[in-house]
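There are 2 protein chains.
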Amino acid sequence: MRIHVICLLVVSLFSSAFSDSYLLPRPLVLQYPSEIVTRPKKSDEDVINLHCTSWRFAAETNNLSPWKTIPEECADYVKDYVLGKGYVTDLERVSEEASMFASSVEFAGDGKDIWIFDIDETLLSNLPYYIDHGFGLEVFHHSEFDKWVERGVAPAIAPSLKLYQRVVDLGYKVFLLTGRKESHRLITVENLINAGFQNWDKLILRSPDEQHKMATLYKSEKRDEMVKEGYRIRGNSGDQWSDLLGSSMSQRSFKLANPMYYIP
Amino acid sequence: MRIHVICLLVVSLFSSAFSDSYLLPRPLVLQYPSEIVTRPKKSDEDVINLHCTSWRFAAETNNLSPWKTIPEECADYVKDYVLGKGYVTDLERVSEEASMFASSVEFAGDGKDIWIFDIDETLLSNLPYYIDHGFGLEVFHHSEFDKWVERGVAPAIAPSLKLYQRVVDLGYKVFLLTGRKESHRLITVENLINAGFQNWDKLILRSPDEQHKMATLYKSEKRDEMVKEGYRIRGNSGDQWSDLLGSSMSQRSFKLANPMYYIP
Numbered sequence: 001m002r003i004h005v006i007c008l009l010v011v012s013l014f015s016s017a018f019s020d021s022y023l024l025p026r027p028l029v030l031q032y033p034s035e036i037v038t039r040p041k042k043s044d045e046d047v048i049n050l051h052c053t054s055w056r057f058a059a060e061t062n063n064l065s066p067w068k069t070i071p072e073e074c075a076d077y078v079k080d081y082v083l084g085k086g087y088v089t090d091l092e093r094v095s096e097e098a099s100m101f102a103s104s105v106e107f108a109g110d111g112k113d114i115w116i117f118d119i120d121e122t123l124l125s126n127l128p129y130y131i132d133h134g135f136g137l138e139v140f141h142h143s144e145f146d147k148w149v150e151r152g153v154a155p156a157i158a159p160s161l162k163l164y165q166r167v168v169d170l171g172y173k174v175f176l177l178t179g180r181k182e183s184h185r186l187i188t189v190e191n192l193i194n195a196g197f198q199n200w201d202k203l204i205l206r207s208p209d210e211q212h213k214m215a216t217l218y219k220s221e222k223r224d225e226m227v228k229e230g231y232r233i234r235g236n237s238g239d240q241w242s243d244l245l246g247s248s249m250s251q252r253s254f255k256l257a258n259p260m261y262y263i264p
Numbered sequence: 001m002r003i004h005v006i007c008l009l010v011v012s013l014f015s016s017a018f019s020d021s022y023l024l025p026r027p028l029v030l031q032y033p034s035e036i037v038t039r040p041k042k043s044d045e046d047v048i049n050l051h052c053t054s055w056r057f058a059a060e061t062n063n064l065s066p067w068k069t070i071p072e073e074c075a076d077y078v079k080d081y082v083l084g085k086g087y088v089t090d091l092e093r094v095s096e097e098a099s100m101f102a103s104s105v106e107f108a109g110d111g112k113d114i115w116i117f118d119i120d121e122t123l124l125s126n127l128p129y130y131i132d133h134g135f136g137l138e139v140f141h142h143s144e145f146d147k148w149v150e151r152g153v154a155p156a157i158a159p160s161l162k163l164y165q166r167v168v169d170l171g172y173k174v175f176l177l178t179g180r181k182e183s184h185r186l187i188t189v190e191n192l193i194n195a196g197f198q199n200w201d202k203l204i205l206r207s208p209d210e211q212h213k214m215a216t217l218y219k220s221e222k223r224d225e226m227v228k229e230g231y232r233i234r235g236n237s238g239d240q241w242s243d244l245l246g247s248s249m250s251q252r253s254f255k256l257a258n259p260m261y262y263i264p
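Line by line, the protein sequences give chains A and B.
Counting from 1, one number per residue, gives the positions in the first sequence under my numbering.
Counting from 1, one number per residue, gives the positions in the second sequence under my numbering.
Simulated from the structure, these hints should not be mistaken for laboratory data.
From a predicted model like this one, the values you see are computed outputs, not experimental measurements.
It cannot be assumed that every hint is accurate.
One copy or two, it doesn't matter: identical chains are merged, so the pair holds either way.
[Said to hold, decoys possible] Straight-line Cα separation of at most 30 angstroms, DSSO-like style, residue types lysine-lysine; simulated pairs:
id, residue 1, residue 2
1, K222, K85
2, K112, K213
3, K68, K85
4, K42, K162
5, K42, K85
6, K213, K85
7, K173, K202
8, K173, K213
Only chain A is shown next, with the shape it has when bound in the complex (with noise of 0.2 angstroms):
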């Protein structure tokens, strides 16, 4: 009996390669842990959560087109997940790795090596907005979310504060690259102020005409000129795979978890 639960497992991974046509020299022998035959059945709860995982790591590794609104039936796991431990366990992860690399990179000393952060669910949280507009399953409210800007009271991700400052000590020159545009400047940076973000060295904003550029195209862009003008881009944290995707790339790129929207 055991045998047969344990077969059925195997089929449901590799069935083509066990069919008549792609027969296999020889039968694999599988050694499979008991507990896996005597696990109970899955509950509706527990298919909506491995669903709603797989679709976040798909979401966090880029594997995903482009999407405007999370999953209906994820509403309730990325709520769970952005309100409860998962989220913050990841951001102090990536805060803890990041800052990691950057105390390991040896420095030349002349000032050119820096550090890039984007800023929106990367150095400031825009949960408070979010938790008022479902979590990502209401599409994106351009003027809804531009008041919120406007109110400056986005918090610091803790971590990444953190990792801001201890970039900042170890003698980084500090970018900061954001989709913002640059008529948010003034708010944003008395936001930044009062969320405990300072010492950066530039702050780099969409300017009228870059509005309508794809973020990887216009981040990309902003890099090239980095580069052009002797920087070493050593780390760049982003919670978007358009904040560090494209040209230019960092020598390390630290992908924060952000399940609920998507830039391209």
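Starting from the known structure of chain A, arrange chain B on it as the hints suggest.
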């Protein structure tokens, strides 16, 4: 009472934003769902699960420093993931996402549109080997693994076989780009064919002088050559970021899950 518990949760995420020195202009109005307050205390198993899921995310998003073994405390977690529904669900999703993208590309019809596949943990599964070697808990053992490769019995990853057939049917040229060595060409071809893979256009293995190159460099150089020959790399499927990152990157990259080992 309810309010108190809510505050603690918020502070854990945004602690720095609420300390005296960084006082925000006004308190945030956080509307937290009631179920968070009534949720039971996490068991030890929940804590390990949270920790290891976070580790797996960090691995899959390329946030970790190079690692040689999985964390000891995550041994059971990784085993349960790869033998349970989690891994196969993730493999099916990446196959479907890649398939949708492959179908959406408009072809020039000149035979220059290609799809790159890695082999190990992308087309063929070495899970039968890793079942006998601690699912990544043991340090990688070259000669032991070579013996397994030389048996030529690695089964197909069924969702990848489905994608592969779709990509071939759509008219892409298929290039297999693997870190396996040239001396394993014959057994690799035999294994691939027995597992159901056919009609690839190139199978690129490491030549003896490429043995000690980092995978990212080796694979980038091979992609550079493809681009020089006029090929358009539309898709690239691999379980390692060293399959996907570097120069001449693919239009879209697809990261298959692999929590068992890391290749720089």
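Status of each hint after checking the structure:
| no. | hint | verdict |
| --- | --- | --- |
| 1 | K222 to K85 | neither (35 angstroms within a copy, 42 angstroms between copies) |
| 2 | K112 to K213 | both (28 angstroms within a copy, 29 angstroms between copies) |
| 3 | K68 to K85 | both (25 angstroms within a copy, 27 angstroms between copies) |
| 4 | K42 to K162 | between (40 angstroms within a copy, 27 angstroms between copies) |
| 5 | K42 to K85 | both (23 angstroms within a copy, 10 angstroms between copies) |
| 6 | K213 to K85 | neither (35 angstroms within a copy, 40 angstroms between copies) |
| 7 | K173 to K202 | within (9 angstroms within a copy, 45 angstroms between copies) |
| 8 | K173 to K213 | within (26 angstroms within a copy, 32 angstroms between copies) |
The structure fails hints 1, 6 (numbered hints given earlier, in ascending order).
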